[in-house]
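Chain B: place on chain A using the hints.
Residue-level listing of the chains:
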Amino acid sequence: MDVTFRIRRFNPEVPGKNKPYWQEFTVKNVEETDRVLELLHRVKWEQDGTLTLRRACAHGVCGSDAMRINGVNKLACKVLVRDVGTKIQIEPILGLPVLKDLVVDMEPFFDHYRSVMPFFVNDTPVPADGRERRQTQEDREKFDDTTKCILCAACTTSCPSFWANGHYVGPAAIVQAHRFIFDTRDEGWKERLEILGEPNGVWRCRTIFNCTPACPREIQVTKAIGEVKLAIQQRKREGIATPVGPIAVGNG
Amino acid sequence: MKTHQYEVVVVGAGGAGLMAALYASKRGAKVAVVSKLYPTRSHTGTAQGGIGAALGNLEEDSPLWHAYDTVKGGDYLADQNAAKVLAEEAIDAVIELEHMGLPFDRTDDGRISQRRFGGHTSNFGEKPVRRACHAADRTGHMILQTLYQQCIKQQVKFFDEFHTIDVLVNNGRCVGSIAVDLATGELHVFHAKATMFATGGWGRVWSVTSNAHSLTGDGAAVTFRRGIPLQDLEFFQFHPTGIYKMGILITEGVRGEGGVLINGKGERFMEKYAPKIKDLASRDVISRSIYMEIRNGNGVKGKDYVYLDVTPNTVNRYLAEAGESRRITGEDVEKKLPDILDFCRTYLGVDPVKEPMPIQPTAHYAMGGIPTNVDAEVVTDEHWTVLPGMYAAGEVACVSCHGANRLGTNSLVDLVVFGRRGGMKMAEYVKGADWGALPANPAGEIEAEIQRIRNSKGKSRPGEMRATMQRVMMEGVGVFREQKAMQESLDCVRQLKEQYANDLHIDDTGMKFNTDVLEAWELGNLLELAETTAISAINRTESRGGHSREDYNERDDENWLVHTLISRNHATPYAIDGTYNLNTEKKVDMSLAAEDERFKPKVRTY
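Chains as they are written, first to last, in the numbering used here: chain A, 1 to 252; chain B, 1001 to 1606.
Here chain B stands alone, though its shape is the one from the complex:
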């Protein structure tokens, strides 16, 4: 076992992690980034459509309108102080990305080009606004590349293909983390003054997902096992437009360019559900509308999908109907959405310039996660008590700027805004902090657990168990939910956890590049997230944003303008027989509403 010492250790090399590493390093801290993937493989790179910022390059815009859209899009569960920070600092963050060389598309006068996106409006919901700054349909790719490039320039130290499997909390503070070097199987202790988890989400809990295979909730599960609560897990976003059966994302930018959703009868059905902004309503609303159409027999060919149509004929017809002068050509579509066309041509044999794309909702984004304040410091209770030395940012964190449903483009904003704030805060913190003592035998427990997995000779193959979990979570804890189905899914997940502890089967007993063991380890994390998600969802007896219950189909502001905190009290981190604590005392921050009536919760229509 090797021990390393860095003032700041960032776990995860996506947008949030790299942004934090860059800013901590620029401000003088000694920084290491530990990532289970090569940084350029991180999932930030798959973000397509844009990053929202009220630059006002093409039409009037304001950060206050962006904050309003974020709060409303989040169905009033977003902490309003966080939404305000997000919207205000988005502008600086995007300009800084440009200064770092990010190749945004340009307007006629050479400024950053912007497009429309779901839920983004001007003047408090009046009409769609061009706010999403874009680099073709690979904005996330360009952000990831740019930040990695700048980290190389800044000579940040990288530990690539080091999989973090434990966090070290000792005497009430975080003192480091433990990772396994994939190439050798050896464990490494990272002793740090400040540790940031920027490990991404857990879309792989569900069977149809836009998420990479790597998105297994490692950071969330690891901190949870060490007694740190997770917040608002019941809010998981299903993006309306995944490629049918495969789940690969088709950006909302398609609808921003004028694309429309069409049911099996050839109707543009969003007119019924969101008369004002139609296909650009927020994602939870559109995903539910698609399910309603399918349920009413309006799926295409009687199946469980609908069409997304961006063919110039269709788009121009609706533009004309709306009285807009803009028209699009096939060439425009090619230029603005090259990757989308490539996906559809490669995987479906469908050419979106000529034919509509078959789509269905796909598990996409965790609004919940490790609770933090606006400086990315991890907080452990409803009193916002900070756990010294521990930080989280990006999808794994719950700050909570997204509330019950995240707006499109706001994930990229979240990464750069809170990654940056976290990086700066860590640099400041480590200047005054001493090195906390490592616990005795820091890797003992995790080493025993990894050994247990490696030597498992039961009958249950991880792949089969994972598929079962994904199916029951899709069925019971998906777009629509009700008590009985959720309970059945939870029971099944608990049974899988038993199997995982007692009947796991592993083929590869080696040390080097043992992805059999690491995939099994990831499955353990997914099961942890599946179970806690189901428990949190059953507990919340209302419908809000991404959490839509058929047995409680109204939003209940009287009782539920609160966050859910779930935590465990088990004696050991890998015990499965304990009970969970649910805490619903943490009230939603309403600081904008205190000054401005328009931010008070009201019925949400689009």
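Just chain A, same shape as in the assembly:
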């Protein structure tokens, strides 16, 4: 079968292309199990080498190739033709400056990430036997879901609150903070809750739920944000985070 792409393009260096525009490409001999990323590669490698996008692992683990595919944030390497049909519209993710074609400036996103102390803090001396700090498997499971985050920005750039206000730290940064706040070994959680209690922290979240279906790792993002809100309000972390069950949010 043939697939027709309609791709949002922008090249700051070329007159006539330095304002966003649409361009169509047809790719032939496509199988329904082909990944969208493979087909974008075929456009680049066979038709137009100037098409610019990020990618690395090509199987949904590195988080490089988040883009809007038929209007929804996805990783191009995790979407198959059979999932989206033969007319495919491709745009860069929203809310971050576009540098060239599908490549956006990720710095504001990583700045937010770095602002929430996204690292383990524990200044208590390690166990005297020099071995691991103990943790029950039950406690370990409380933050399991948020350890899956690959920082692809699909959640943050699907969030209307982030579109409206780029100072909002956004869902991904909160997910990363959640992973530490509810880790029983971590001692930085109070400070982290204070950061997230600021005006551009969790309270910018209006529980719109776009982030949860946008996550290619199926993290229950909105639930995690809710748990952080609750922890800030109750000034504690015990008894708040619970292991996740199946989610019931449509993707559309």
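The hints are simulated quantities; they were obtained by calculation from the structure and are not laboratory data. Any given hint might turn out to be false.
[Said to hold, decoys possible] Straight-line alpha carbon distances no greater than 25 angstroms define the calculated PhoX-like cross-link-like pairs of lysine-lysine that follow:
id, chain 1, residue 1, chain 2, residue 2
1, B, 1497, A, 223
2, A, 28, B, 1245
3, A, 223, A, 142
4, B, 1335, A, 17
5, A, 190, A, 236
6, B, 1512, A, 28
7, B, 1497, B, 1457
Same frame as chain A, but now just chain B:
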């Protein structure tokens, strides 16, 4: 052109690079990390099953047994001093990762949980042992995240999306490197007292690979062009269980949990090839066994794949047969292998809890690379002569702890153990070292080469050339090899190199985010690695580990307990008409065997 000065520059932000940066920084050095990707995109993040360390949390274990498995798994080509360091320091390194917050799965008493993995045994090969420490099936992801987080905490300076394209060697020492800033196309000189290459492997030489598109051997090719040899390139691991046609990895952890390989006739064929530990034999053995089955007409539906079956029915049947009391449920599989299930459901529409997965061997890991000693210092000859200021760690390096075939989990061990050692060594070195002088016009040659690529208006598209190279390397220099086919592949690669020099076609002539030019540049690196791999493979007239020849099907310890060093003598770094030097004088370190009979080379059975 901008020039930066850092005492330590680490190129590559995967596990080895971040570990080195962290330790060098903690010990007081001024450190920068230069990476062509955002650090969290690095390929370490795709490692699944676990990191091996003889913690003994679930059953008795010992670093000596780990070293033995590593040496035996490497078909006795591993340098035994390096294997010893790897196994001994794995324990501390894993505990340190836990102290940095890495969320390992836990045992009932709250310690780090461990699972079985291919080739890891207790008591010198007696039976499989639980040695792989894991965080679900995303152990590498957690290592990468944890190390990046700690580097942020430590305020290490990052140059993200800076693609390193040259290394500066002047007056017999390494004085820095050159990178292009992807966003602007501008060249940056990184003047350093110590430069570490931790740039990863080159699986993209082959058509079916588990490797990211980014794994194009940049660091290896760049150092090679500057006269530094590469070691043991003929040893490239084909992992037995890649998703059919796509190459995406299915972790050995599946077999660690009890999964079995089944041929088209429904037989568990590994019983024939490795009667003792069956599906948990080392990777080279299993990949060859799969090919044998396919060749004998036992592929599934007559095609070139077999099944990996982790459905509870099958697993429990074989557990019962083996007299084990353990049983698994669908829920266990969901919990322990969530990413694997997701891959199979997404890409194949197959649910591994209910159906077997179609798999075939996939190009996975370079055992060879830039030769180093156990402190990650680059060495340039058989006398272990150190090139001052130059370091390498991780997959791009060849220390050589993996020998002719790497054991599962040992890549993550390699990253943290030798990344750490390299970081500490660099911090110590820069305290006493002065700033070496940069060569005159340091970026002249590389700038001319990049300009040549950018302005190429020939007929050969890089994508087509790359596909041709990948196909001929898969056919001729893959799991099974013989002289004629390897020579044909080599001839084809050489022709592609001609085309690359004289007939390249580039569409994008811009400066900003020009991935057309950078992909072409990466293709040049892949061609370099393909050619040198084929030459090294043709030269080694024996079969050992990942290098399996049909015309020399025996291991030859009399002549080949040596490493291969290949180097070039061309007048300029981009000339293609030169000859290569092959040196087979570097003997394998046998220091463990000198003390313990059990480490002496013997027939390798599982």
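Going through the hints against the structure:
Between residue 1497(B) and residue 223(A), the direct Cα distance comes to roughly 54 angstroms. Violation of the 25 angstroms bound is thereby established for this hinted pair. The straight-line distance between the Cα atoms of residue 28(A) and residue 1245(B) is roughly 19 angstroms, inside the 25 angstroms bound, and the hint therefore holds. Proposed proximity of residue 223(A) and residue 142(A) is supported: the alpha carbons are some 12 angstroms apart, at most 25 angstroms. At most 25 angstroms may separate the alpha-carbon atoms for a hinted pair to count; residue 1335(B) and residue 17(A) exceed this at roughly 49 angstroms.
With a C-alpha separation of about 8 angstroms, the suggested pairing of residue 190(A) with residue 236(A) holds against the 25 angstroms cut-off. Restraint check for residue 1512(B) and residue 28(A): not satisfied, since their Cα atoms lie roughly 30 angstroms apart, outside the 25 angstroms limit. Between residue 1497(B) and residue 1457(B) the CA atoms are separated by roughly 16 angstroms; this keeps the pair inside 25 angstroms, and the hint holds.
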